[in-house]
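Asker: If you want the building blocks of each chain, they are given just below.
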Amino acid sequence: MLTFVDDEALVKVAEVLGKEEAIEIIYTLKDAGEITDDQIANKTGIRLNSVRKILYKLYDHSLVSLRRSRDQNTGWFIFHWKLQPDQLEGFIMNQKRHVLQKLDARLGYEKNHDFYYCGSPGCKRIPFEEAMELLFQCPTCSGAMMHFDNGEVVEILSQKVDQLRKELGE
Amino acid sequence: MPRRSDLEQKALQFIANTGEAGVLQSDLWRQLDASSREGSRISIKLENKGLIRRERELSEGRWTYRLYPKRKRASINSIIDCPCLTCLENIRCGAYGATSPNDCEKLTDWLISLTQEGSDLSGDS
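Protein chains in written order, with our numbering: chain A, 603 to 772; chain B, 168 to 292.
Hints are not guaranteed to be accurate.
Here are the simulated PhoX-like pairs of lysine-lysine, each with C-alpha atoms no more than 20 Å apart in a straight line [unchecked claim]: (1) B:Lys177 with A:Lys726; (2) B:Lys273 with A:Lys713; (3) A:Lys645 with A:Lys632; (4) A:Lys684 with B:Lys212; (5) B:Lys177 with A:Lys768; (6) B:Lys273 with A:Lys632.
No wet-lab data here; the hints were simulated from the structure.
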């Protein structure tokens, strides 16, 4: 089947899953077609266990496929890896769905709560019910907590949720 | 000589990577080391399959086609900086989990940084 392999998206996904080493591995897989983990380690200079760790991470998301064969001399298994770029779109969509679920839950929470905050960096915003029990005193720095207007947070969350829903075609 | 289907795949990938700028048909075949006859046949085939769009264009006094990808590229830009994407607590995160998106500090920091950036929501449209 003909598929679009978008290099930019592929590199970004690799970066998310395993930083620079994953990008190198992805490029090696892309050029090689089917390749063993040993060969990837030799080509990239990345340690074999790191290569395997990243490959299994990619495998968990179906971005690479795996074929197993047995070494005639040693009897050990050899793993042959292949990039599955046609799974990339599905992976991205799944991640968007996952993030949307979290952001939507947070949006509901932000909309239904009033927050109090002392204004010090590193201190938490506290919902009204909890703040009342604490007598509006910050549990971290003991400073006085004032009402925190979360209008901007709600606005940004709403925009993100709408954007993701649009991208997912919901 | 590469097989026609290989060339099709390569051509499609190349066109997909050009995005909105597209690529001139004549430039594409040079890149893929194919003949113009072969090239135009493949581009017609890709157009008939609904995978690309061809637009006539005058280039250096000759009529050629500019090829654009028809399918939108999947992009991760809209969520790439969201901490939920790479969070190690994902398995435990949920309304009744050990951690929750409601009081997640990483998520709060990200949201506050977005409000400070002035809601630059770049991503796919």
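Asker: I'd like to know which numbered hints this structure contradicts. Please list them from smallest to largest.
Answerer: Numbers 1, 4, 5, 6 - these are the hints that the structure violates, sorted from lowest upward.
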